[in-house]
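Given the structure of chain A, go ahead and fit chain B onto it with the hints provided.
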Amino acid sequence: MRWYYKLPLRLQSIFRKNRAEQDLSEELQFHLQAQIDEYVAQGMNPNEARHVALRSLGGIEQAKEQCRDARKVNVIEHFLQDVRFGLRMLRRSPGFSVLAMLCLTLGIGANAAVFSWIEGILFRPYPAVVHQERLVAIGGTARDEPRGAPLSWPDFQDLQRNCALCETLFVSKITGTTLSIGDRAERTTGSIVSANYFDAIGVPPMLGRGFLPGEDQGQGAHPVVVISYQLWQRRFRSDPQIVGTAQRLNGVVHTIVGVAPQGFYGTFVGWGMNFWVPASMEDLFESGGYKLEDRGARWIEAYARLKPGVTLAQAQQEFAAISGRLEADYPATNRGRAIRFWPLWQTPFNNAGTLLPTLEIMLAVVAFVLLIACANVGNLLLMRSFARRHEMSVRVALGAGRARLWKQLFTEGLVLSLFGAAGGLLVAYWCRYALVLLFPARGGVQMHLPGEIDWRVLALSAGICLATTLLLGLVPALQAGKIDLAQSMKMESAGVVGGRGRARVRSGLVLLQVSLSFVLLVGAGLLMQSLLKVRAASPGFNARVVQNTAIDLVSAGYTPERAQNFQDALLERVRALPGVESAAFARMTPLSYVSSASAPLVVDGYQPPPEESPTVDYNEVGDNYFVTMGIPLVAGREFTRADDENNALVTVVNETMGQRYWQGRSPLGERLQLNGRWMQVVGIAKDSKYSSVREKPTPFFFVPLRQNSLRGSVLNIRTPLAPETMATAIAREVHAIDANVAPYELITMQEQLDRSTSAQMVAVTLVGILGSLALVLAAIGLYGVMSYAVSQSTRELGLRMALGAGASDLLRLVLSRGLALTGAGVLLGAATALLLTRLLGNLLYKVSPRDPVAFGCAFAVMALVSITACLLPAWRAARTDPMHALRAE
Amino acid sequence: MPKPTDLVQGTLDLLILKTLALQAMHGWGIAQRIRQVSKDVLQVNQGALYPALHRLEQQGWIRAKWGESENNRRAKFYSLTPDGVKYLRQEQAQWKRLSLAIELVLDTP
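In the order they appear, the protein sequences are chains A and B.
Using the working numbering, you'd call the opening residue of the first sequence number 1 and step up by one each time.
Using the working numbering, you'd call the opening residue of the second sequence number 1001 and step up by one each time.
Just chain A, same shape as in the assembly (with noise of 0.2 Å):
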């Protein structure tokens, strides 16, 4: 039990210094007045006596700082020490300590913030889900899809059977719909999940139940409905006896069976999920049909969960062996197609991949703005280590050892640091839910992306911190390891920037600065292009004078007759509306999330390789579509009224298309089959962009509304008019005919495409914030350089005013040292930049990594605002008063 003995002297060491320092010191002097007694019974005068006494003791101070050592108090008294001392010194210097703390925030703050964007978004998306560290991403892939398209239910089915790796296989489709709870409507996120949801992810609902086994199976057989709390708490005021009750979804019935608990908001990045539905209900959410018997049919999303200890190298053998099997059992509709999966952050389907190049890139930029801040805050380390030097100097001649400075000199960079990241954890904390910020609301549904601050998180921060705290004590640190005793007792003269020794390293410090920070210019400069280019791109279609709405009858509980007498008589309010040139429904718009229809298809003539089996997007489209959205035929003609369930089935390809299947002959008159059914060829399009403007030529092809499901619900409209006079115009016609059916947001196609870059706007928002972020630190590192270069060196500055030199000349002489100093940085990012530009890759469209402009950019404001930085300094400069200055030294 020796803690028993220990323990009290420790904590007496460290609490009751005062009684152990008293006791040390009456222990020694009564072990040297026992010697002084010896020596003076042996016959020694006792002045004599006390001194062999103290001789042979080998001094009073130094034996007791050896019992103190032996104690091991100093290890912490000197750290204490050195918090105090380091704490009094920032007190002493309240400018100092703000900047060089704010620098440090911002510079933990942004790296924080991005991990835990990191860490919420890409690697633990799902907050209540158990095990998201084994949970992967399935997906199918096909020869001319290699990312992650949708499977079949059959197919996933299999897979769930023979899948001897995966602890479990779960689907979650996102779907959304029309809630109409009292007399207040809004549109809603839910997704479409397979039975076993609740049960695979481990989050059992806080009331009621999950879905039961079988409930997925049988077309509409189940409406039963598991709620989100949040809308639970919304929408039904938090209702304990909600389990039971009735709810209609898209005109159907649905029990609900069940609330999800607080804190969890589904399974998909980007949006919060409000309600789940068993997949036997799929017809009633999706377009085409019921899918659930259709291998060809590709529609869900899903998730697996691999068992302990499985790598995943194993598992996706796994996946291409049964894959490869169903290949050879089905060829009608798997030839050429595999199954695969992706660890979630690299998840194809939802905003996880479509984020995962920005935060990669954010990732970068962060260490950029830190190195940045580092920088900065070393400079002023340094000039206030140049004002200590006296105080190191002395320390020194007191016999302090180069070790014990420089644990005091890191001990300070410690508390620093330690500030730094208390307010850049803030700053995180602050920044959670920013990421959504910049994404703009679409139809009210606003977008979900938490950041996530959890012990990753803070253990990467305290890292960074730790890492901080090296590259500041350092500098310091090695000024002191110089302290050249004799040297540092006589004064020294500075001379304009670029000296030896310290200014040397502050000018070193002021080039990093320049030319991290004029590569994020010039990042942000490219991506600001690619943005400008994606947003002038064509995407086919007349974007500026066409706008569009929807009105969601299905959820308002039309039956299809209804509907269709409701589309008709709307469509002949909104034409004769004065100001609209034209009008038509549809049921997707181009560039929105919702995904286009697909379904294998047979081209009559064409036989594909045996490695295919051809699918096509395509679009239900309205009478005068083509016209409405400035779509321009090539040949044939446009759907028209007469395109109706009488008449015989029709269809207009794209281009693309043309070319693909009848490879040189005209479509026009041909046949291609869809679900089992036979339609003719009228007429060809040009080729437009349907799901992304950074789409390449895509094989598309449009059907009539009237002649397939009646789910459309896109109103477009071709009007000059301004979408504020249009929206209530539309919206009184809506009323006139059925007051209780309201229509969506109505928006042109521009914002649409606008909306529909979103991903890359941000890149750009947040690339730019940074970026001016850490330019305003050069700026003011550039600025702090100068100022201190020139009040260093009034003397040589009055000497030359006092030689002739006039206030020009010296304006000149600083101004010019500072843009030599911007011109070495400036050269050095350029170089920099040249290397890494190349990784913005996939950000960039239609702009070269070396865009000659993007750097012409960088250049010019890097010139500016060195310019800026050096102004002031350069003009106190000249304004040296040479008698004055030469007398005050």
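Derived from the structure by calculation, the hints contain no laboratory data.
A couple of the hints might just be wrong.
[To be verified] Facing chain A, from chain B, some residues (calculated, C-beta under 10 Å):
# : residue
1 : Leu1056
2 : Trp1066
3 : Ser1069
4 : Lys1076
5 : Arg1089
6 : Gln1090
7 : Ala1093
8 : Arg1097
[Said to hold, decoys possible] Derived list of chain A stretches under chain B, where covered just means 3 residues or more per stretch with a C-beta under 8 Å from a C-beta of chain B:
#  : segment
9  : 31 to 37
10 : 58 to 67
None of the values given here were measured: they were computed from a predicted structure.
Glycine residues also receive a C-beta, built at the ideal position from the N, C-alpha and C atoms.
Below, chain B alone, put in the same frame as chain A:
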């Protein structure tokens, strides 16, 4: 008086513990006792004595208590803790083995 032999590194601890095994004693007394018992061969470096005592106390082998010295002065008396007794036994055995080994080597013709 012959020049006192410098103590081998680490043996001071052993000597202190052994001295304290007989009775509780203050620092000065320990130094005296070692000198007397070794017949003036071993002279404890006083500068090293107190740090050693404090280190041993810190490690829990000995404990300190204030008491009265022979000539009625307040002095800090050190004594072995039960752990210290065990430790001493161990170290003593170790030391015997070591000195035996050295002897063997030196006695080889």
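Against the structure, the hints:
1. Leu1056: Hint holds; B:Leu1056 Cβ to chain A Cβ min 9 Å, cut 10 Å.
2. Trp1066: 8 Å, holds
3. Ser1069: 7 Å, holds
4. Lys1076: 5 Å, holds
5. Arg1089: Nearest chain A Cβ about 15 Å off; hint violated.
6. Gln1090: At about 14 Å, which exceeds the 10 Å cut-off, the nearest Cβ of chain A leaves the hint on B:Gln1090 violated.
7. Ala1093: 20 Å, violated
8. Arg1097: Violated - the Cβ of B:Arg1097 stays beyond 10 Å from chain A, reaching only about 24 Å at its closest.
9. 31 to 37: holds (count 5)
10. 58 to 67: holds (count 6)
Hint violations for this structure: numbers 5, 6, 7, 8, all remaining hints satisfied.
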